[in-house]
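Q: Chains as they are written, first to last, in my numbering: chain Y, 1 to 204; chain V, 205 to 388.
Honestly, the hints are just simulated from the structure, not real lab data.
Do not rely on the hints blindly, as some may be mistaken.
Using 20 Å as the maximum straight-line C-alpha spacing, the simulated SDA-like pairs for lysine to any residue come out as follows [what the hints assert, rightly or not]:
no.: 1; chain 1: V; residue 1: LYS278; chain 2: Y; residue 2: GLU38
no.: 2; chain 1: V; residue 1: LYS278; chain 2: V; residue 2: ALA267
no.: 3; chain 1: V; residue 1: LYS278; chain 2: Y; residue 2: GLN27
no.: 4; chain 1: V; residue 1: LYS278; chain 2: Y; residue 2: SER16
no.: 5; chain 1: V; residue 1: LYS278; chain 2: Y; residue 2: LEU20
no.: 6; chain 1: V; residue 1: LYS278; chain 2: Y; residue 2: ALA29
no.: 7; chain 1: V; residue 1: LYS278; chain 2: Y; residue 2: TRP26
Listed next, the stretches of chain V that the computed footprint assigns to chain Y, with coverage defined by at least 3 CB atoms under 8 Å from CB atoms of chain Y [what the hints assert, rightly or not]:
no.: 8; stretch: 246-260
no.: 9; stretch: 273-284
In this text, all values refer to a predicted model and were calculated from it rather than measured experimentally.
Glycine residues also receive a C-beta, built at the ideal position from the N, C-alpha and C atoms.
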Amino acid sequence: MNRSPTLTLALLIGVSLLALGGTIAWQQALTGRIVEAERLLQASTWLSGLPYGLYDNQPLEHPLPGGQAELEHSTLTGAWQATRQGQASAVILRSVAAGYEGPIHLLIAIDASARVVAVKTLRQQETPGLGDRIAGTDTPWMSQVAQRARLDMPEAGWALKRDNGQFDQLAGASVTSRAVIHAVQDALRYFDGQRGQWLAKEAP
Amino acid sequence: MKEKGLSALCLAPLIGATQSLGLALLIGLLTLTLVSVHRLLMTPLRERLEGFAGELASLILAAGLVSCTVLALKAWALPLSQELGIYPELIAVQCVLFESLLGRQAPWRNALALLLGFAAVLATLGAVRELLATASLDLTFSAGLRGQHLVNLAPGAFLLLALGLALFNRARSRRADHDREGNR
Numbered sequence: 001m002n003r004s005p006t007l008t009l010a011l012l013i014g015v016s017l018l019a020l021g022g023t024i025a026w027q028q029a030l031t032g033r034i035v036e037a038e039r040l041l042q043a044s045t046w047l048s049g050l051p052y053g054l055y056d057n058q059p060l061e062h063p064l065p066g067g068q069a070e071l072e073h074s075t076l077t078g079a080w081q082a083t084r085q086g087q088a089s090a091v092i093l094r095s096v097a098a099g100y101e102g103p104i105h106l107l108i109a110i111d112a113s114a115r116v117v118a119v120k121t122l123r124q125q126e127t128p129g130l131g132d133r134i135a136g137t138d139t140p141w142m143s144q145v146a147q148r149a150r151l152d153m154p155e156a157g158w159a160l161k162r163d164n165g166q167f168d169q170l171a172g173a174s175v176t177s178r179a180v181i182h183a184v185q186d187a188l189r190y191f192d193g194q195r196g197q198w199l200a201k202e203a204p
Numbered sequence: 205m206k207e208k209g210l211s212a213l214c215l216a217p218l219i220g221a222t223q224s225l226g227l228a229l230l231i232g233l234l235t236l237t238l239v240s241v242h243r244l245l246m247t248p249l250r251e252r253l254e255g256f257a258g259e260l261a262s263l264i265l266a267a268g269l270v271s272c273t274v275l276a277l278k279a280w281a282l283p284l285s286q287e288l289g290i291y292p293e294l295i296a297v298q299c300v301l302f303e304s305l306l307g308r309q310a311p312w313r314n315a316l317a318l319l320l321g322f323a324a325v326l327a328t329l330g331a332v333r334e335l336l337a338t339a340s341l342d343l344t345f346s347a348g349l350r351g352q353h354l355v356n357l358a359p360g361a362f363l364l365l366a367l368g369l370a371l372f373n374r375a376r377s378r379r380a381d382h383d384r385e386g387n388r
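Let's have the full structure, built from the sequences with the hints guiding it.
A: Listed below in structure tokens is the structure:
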């Protein structure tokens, strides 16, 4: 039986409009939710290494001025304020350093007494098995760097032990280790310079 | 089961989305619901649209359905949708294949049996891969922390699938032997 071509065309156009219109309407309705979910996911992955009682706000929603800066061995791309009960408790810094194979994106958390709370790798392309152990959760080296980093350490101390400094290196990854150590040094020094402005500012 | 019915099942999710039992069950569930809804929506159109127009309509419906599902997954379960990667989108291909191969002749029961069998194969493969990779079974979805065990990667999945097929064929041929023995 021959179907009339106009009926076929009409049905096709009807189906297309329904499918296309429905999908676009659904997308419009869901955009807000998706953006919110992506922000939450980013916050939870970035901030997942930080100790529990450090803050009680959403730090990534409180950016600080002066968070973009070109430092000696690295580049700061953002600074955020973490508060606890309205008082600034820590500053979260995002830093990009030049690693062995490419840029390393680090998250450095410094608390109000200029102690490095955590150093975490957000993105890296280092040698698998050697340099990319900075991104693993089972390497204690990153937390060792955080513990040993002190503001009053002399310039000569910010180097690997084989360069007469105070930091161990990651086995087989001296360039990566130096990059991370220098990024933490830059971040700590910059924090010291901005401390008055960053810690005095209360959460809006 | 007709031979052409079998070709309506795609290989890609079997290899790529079965790193863990939870992931495999999720893909199986999504396939089941999406193909069923697609068939449901195509039923009024099947008699009125023939040939190319019918296939075009099924394609448009499949694309719309899958897009809406992916958006919903992203909105309500973003980490889950990132684990699943591109495999929900591939279900659109399965919808269209089902429609073109099993659309007119096959009744609902056949299609449902085929889909449930597919989900069972997915679940089995997922369970075996998870057991071999981590020696434990749980319903979490994180497949990224397992490291580079062979069964986690595509070649391992192909090997397991081949083993499964070999066992299945052996079981079928053995049944035939018994019949012949009885007739001698």
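Q: Quick one, are LYS278 (chain V) and TRP26 (chain Y) close enough, alpha carbons at most 20 Å?
A: OK: LYS278 (chain V) and TRP26 (chain Y) at ~12 Å, within 20 Å.
Q: Sort out whether ALA267 (chain V) lies within 20 Å of LYS278 (chain V), counting only the CA atoms.
A: holds (16 Å)
Q: With a cut-off of 20 Å on the C-alpha distance, tell me whether LYS278 (chain V) and SER16 (chain Y) pass.
A: violated (24 Å)
Q: Would the hint linking LYS278 (chain V) and ALA29 (chain Y) be met if the CA-CA limit is 20 Å?
A: Given pair LYS278 (chain V), ALA29 (chain Y) holds - Cα atoms ~13 Å apart, limit 20 Å.
Q: Would you check chain Y against the stretch 246-260 of chain V, counting CB to CB pairs closer than 8 Å, and say if three or more residues qualify?
A: Per the Cβ count (6), the hint holds.
Q: Between LYS278 (chain V) and GLU38 (chain Y), is the straight-line Cα distance small enough, at 20 Å or below?
A: Measuring from Cα to Cα gives roughly 9 Å; hence the hint holds.
Q: Is LYS278 (chain V) within 20 Å of LEU20 (chain Y), Cα to Cα?
A: Roughly 19 Å between the alpha carbons, so the hint for LYS278 (chain V) and LEU20 (chain Y) holds.
Q: Under 8 Å between beta-carbons, do enough residues of the stretch 273-284 of chain V, three at least, approach chain Y for the coverage claim to hold?
A: With 7 residues close enough to chain Y, the hint holds.
Q: Does the structure keep LYS278 (chain V) and GLN27 (chain Y) at a Cα separation of 20 Å or less?
A: holds (11 Å)
In this structure, only the earlier hint numbered 4 is contradicted, and the remaining ones agree with it.
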